[in-house]
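If you're matching them up, the sequences are chains A and B in order.
To convert, note that position 441 of the first sequence is 441 in the working numbering; the numbers rise steadily by one, no gaps.
To convert, note that position 144 of the second sequence is 144 in the working numbering; the numbers rise steadily by one, no gaps.
Check before you lean on any hint, since a few could be wrong.
Stated by the list, open to error - Covered, in the sense of this in silico footprint (three residues per stretch, anywhere, with C-beta under 8 Å from a C-beta of chain A), are these stretches of chain B:
hint	region
1	35-41
2	60-66
3	364-372
4	463-473
Simulated from the structure, these hints should not be mistaken for lab results.
These numbers come from a predicted model, not from an experiment.
Using N, Cα and C, we set each Cβ at its ideal position, and we do this for glycine too.
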Amino acid sequence: MNRYDRQLRLWGGAGQDLLSESHICVIGPETCLLQETIKNLVLVGISKFTWFKSNIMQTSQENNLFYKNLIQDMIPLNPRGVSITQRPISDMHEVTQGGDFSIIIVISETNIKDDLLNTSLSSMVAPVIMSHAVGLYGYIFTKLFEPHWIIESRPDYEVPSFRLESPWEELRNYMDNIKLETLNEYSLAELPYIVLLYKALQHLHPIASVDNKMIKDTLTNWYISEINPKGKNDMNYDEAVRYSYVALPNETYKVSLQELIKHSQQNRDEKTNGWRDGYNKQVIILLHALSVYLKSNGGDIMVNPDIPDMESSSKIFGELQQVYKNKAKYDLVNFSKVVHQLDESISADMISRFSRNVKNIKCIKPTTRSIRDFLTDPKLNETSPVLSTLLKFQKQEQVEKTTDNKLFFIGESYPTASFIGGLISQEVIKLITHQYIPVNNTLIYDGMHNDIVSFEC
Amino acid sequence: MSRDSNITKIIGKDNLNKLRATKCLLIGAGGIGSELLKDLILMEFGEIHLVDLDTIDLSNLNRQFLFRQRDIKQPKSTTAVKAVQGFNNSKLIPYEGNIMDTTQFPLHWFGEFDIIFNALDNLAARRYVNKMSQFLSIPLLESGTSGFDGYMQPIIPNETECFDCTKKETPKTFPVCTIRSTPSQPIHCIVWAKNFLFAQLFAADINVDSNSENKDWGTTDEDEIKRIKQETNELQELQNIILSGDNSLIPKIIEKIFIHDIEKLLKIENLWKTRTKPIPLNINDIKTDLTDRDLDLSALWSIQDQIQKFSSITSKLMKRMEEEDNHIEFDKDDKDTLEFVSTAANIRSHIFNIPQKSVFDIKQIAGNIIPAIATTNAIIAGLSSLVSLRVLSLLDYAKISKPTDLNMTFTTKASNISQNRYLSNPTLAKPNCNCPVCSKVMRGVMNIPSNIFKELKLKDVINILAAKYNFDTEELSILDTTGQRLLSDFDFDSLDEKTLEEIKVVPGSVILVTDETEDENGMGLKPLELYIEAKDINIGKISDIALPDLKIPLVQMTTPEEQNNESSTFETAVLQTNEVINLDIDDDNEDLKKRKLQEESSNATQNKRSKHEEDDMEIIEEDDIIELD
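Can you make the complete structure from the sequences, with help from the hints?
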């Protein structure tokens, strides 16, 4: 049990490895916001930073910094040590010339080199997070140069796929061996709800298209009326009614999965070779393998080894669980074969995580707008006056003080820096681990009206 | 520090003087606490009093950035203050202690503060501080995080919703028999291993007087009592083995709990009519190999490995018992105790045909672990410290006209692609008129001379209260809200002749007094909640007892239905993100008879009928719904 115990529960060992191997590029003057961001990232276990430091420093700011010697003060926060290499801002061009950065964070920087500003869809540039905080306001904007693929998007809730409508042999045999008519009310009460749903589906057979209402009606009119009149208050019956939808073939994810596969194929044809992110490249290969696998398996995805808890005797639940585990293992072996025919270097762990999360795969497309566009687009100014003012401050342009915007003129406010610094590092973690869904792509905080909005621009 | 600092620009010179004179109480020096402490000193609050009872652990260091490796095992509050001492401009006062300790932190101590920041990690303390803020009308900034999610809620007593205005997840309880006899899920075995087995062997008081006449068995069935007594005696024998330090007897322990006890259960045939029968361990599987091996903590071990590990860890703990005064508490970060509980739970799961769990997973369940990262804490602490300026009316730029203009904040979902919202920040709601904490009771302080707690009988208190507020002594019910115990009501008067000291009503206790008389319209006197404080008078008399001068209004006693405040919907949504189960049995005041398990005191009267049914429930309080550490 270690130092990172509490966060391993969020992103696991694989995510933590990606973080500890990462190399962060930070561009900007030393501000509270920059200190906060680096501190948060060091705490999660990142140890390598390159900081293109500009010396533009508003007077009085030094007094407000929490860390008096940032580079030294960071070292004890990571047992592996922390290396923050400081570089003059004039070397910033290196950023677009094949640096090995995992991510580039621009914090309150005014002078951004043209090659970074103008790059739109070029490959080989790490994701860039632009940010600034002034007074009670702040923003972040994420610019992606290649698609960002996420296997473990970790939704709050997932509809389980039990394959009741298209059972494989072992599952069908197991289910068919349970003969409802021979069971007494006690034994019926301890059948897991998926058994009841399977039986209801069988009873409806051979009706071509079954809907949720038909299943519910069958549970009442057939199961309760004919099979188990005393079962109305049984917990398993309750669950069967509540989760009746899992008996239906879930087509929605298949549609979006096909879209992702299609999208990945375009990616594959075009420019994956030019991508810089190894994780993204692997996902493209895995999706290609998936499309091959689906064709030879009648469109069924790999079975998930975990089934959710349900009211049941522990014996039957254990047996059913085993049926799913067996199939999941079998599917994983077959899928791994397909993957390894395409690329032998993909790890078993990666394949297994992909397999379990097929329904959760997400892709965020590259940001079309260039950073220059973001900084200068007059239309953006109209839609978000707060963002427009923030950008003017960042670019050190003249801003006329009005009653509406006077809270901009108070320099850095520490709570705002703490908040925005938290947001930036949160997004960095999501992008580096390829887990959870990052903000796409702009977030604006208005502490005056206590308003937080995010939108794609 | 510069006199022309940013905070001056934000709030202005006049308000800065007010801020410099502000005393704030920060409860918790963990994840949010460290962040808040930093933000508050950079904002130049005048005085910050920091309370924490905990010491620093390795797994804190991924977010509690004021602590270093070398600080492990040091108290959090003093270490945090030391870490920032060099460069701060605020007066910092650390306290090591439990905020609910009424001796160290009596009500009047809370009264010194202008604002309270909660950075706590458990529900009980959150509710307690909320109550103190209500007693004293001090604004409270409540906050919590769990993984990528978090919330922050300002609470302005009498003006806005309090912490208890929305229902929090209720304690999860399992019937005793599920835990002791018929487990069906991993959690049941973990509860058994931690709260029953471990507690009895290593953390129980030695020589429990099992023959005590006043013992509450939760049943009147003689046979049942006999069975429980026998079980207690047998456990005593096991505890004696542990205390003997003779590790050659370890197989005996295994044999007793994983073979004999299971065989005994199997004899109760009724239990197994509709359940799968457990299969006791095979005696041949019990080996005396006490080597301590390192196994992968995130893997599932074979049953042989479980048994072997159970033996070696028991041997280790036996040795520790001698060194540690015959008392070891379960601690998720104490590897020995965690592995004992994990292996015991898994062996039991094996016996009952329940899936096993890895040590890593059991740590999360048994230790109430909530994922925690620096970033979310920074976000929530930033928002909380910022809103404090508004709460204290120091932000002239963005003044609020009424407390309900303030915002709370919670993450709708820290990662979000479809709905374009990152955080929700609705304005605060008015107090929920059904809230048992802030709305349904009158509140005040009862001062009792400290020397008469051992003479003053509950009956005397009843009479004094009745005389002062025109209560009907026959219809009066008194509840100790701290321990959720019924002290007296119309059909329960066996404690009336006892002294306050005997029934553990002490300075710091909060009692709820309800006159259940109703008029023909269902109206009755509003319940009265009294905080008991000790008055230091040399030789105080009953006549020195001081009660608040309150005019108690008539209210509707029985509401047709408990109406839910509309804001409860979203609140619940946030809080349900975690299903963490706290496995701590609350076994204070065991000798007091009637324990009330109700969620809140004012419901107590309505549930009299169910009292006996509830007596045989084992209480497993859920806690830490959202981690605020």
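Tested hints:
Interface restraint, the region 35-41 of chain B with chain A: holds (3 residues with C-beta to C-beta distance below 8 Å; minimum three). Only residues whose C-beta sits within less than 8 Å of a C-beta in chain A count toward coverage, and the region 60-66 of chain B has 4 of them, enough to reach three; the restraint holds. With 5 residues carrying a beta carbon less than 8 Å from a beta carbon of chain A, the region 364-372 of chain B meets the three-residue requirement, and the given coverage holds. Counting residues of the region 463-473 of chain B whose CB lies closer than 8 Å to any CB of chain A gives 0, which falls below the minimum of 3, so the coverage claim is violated.
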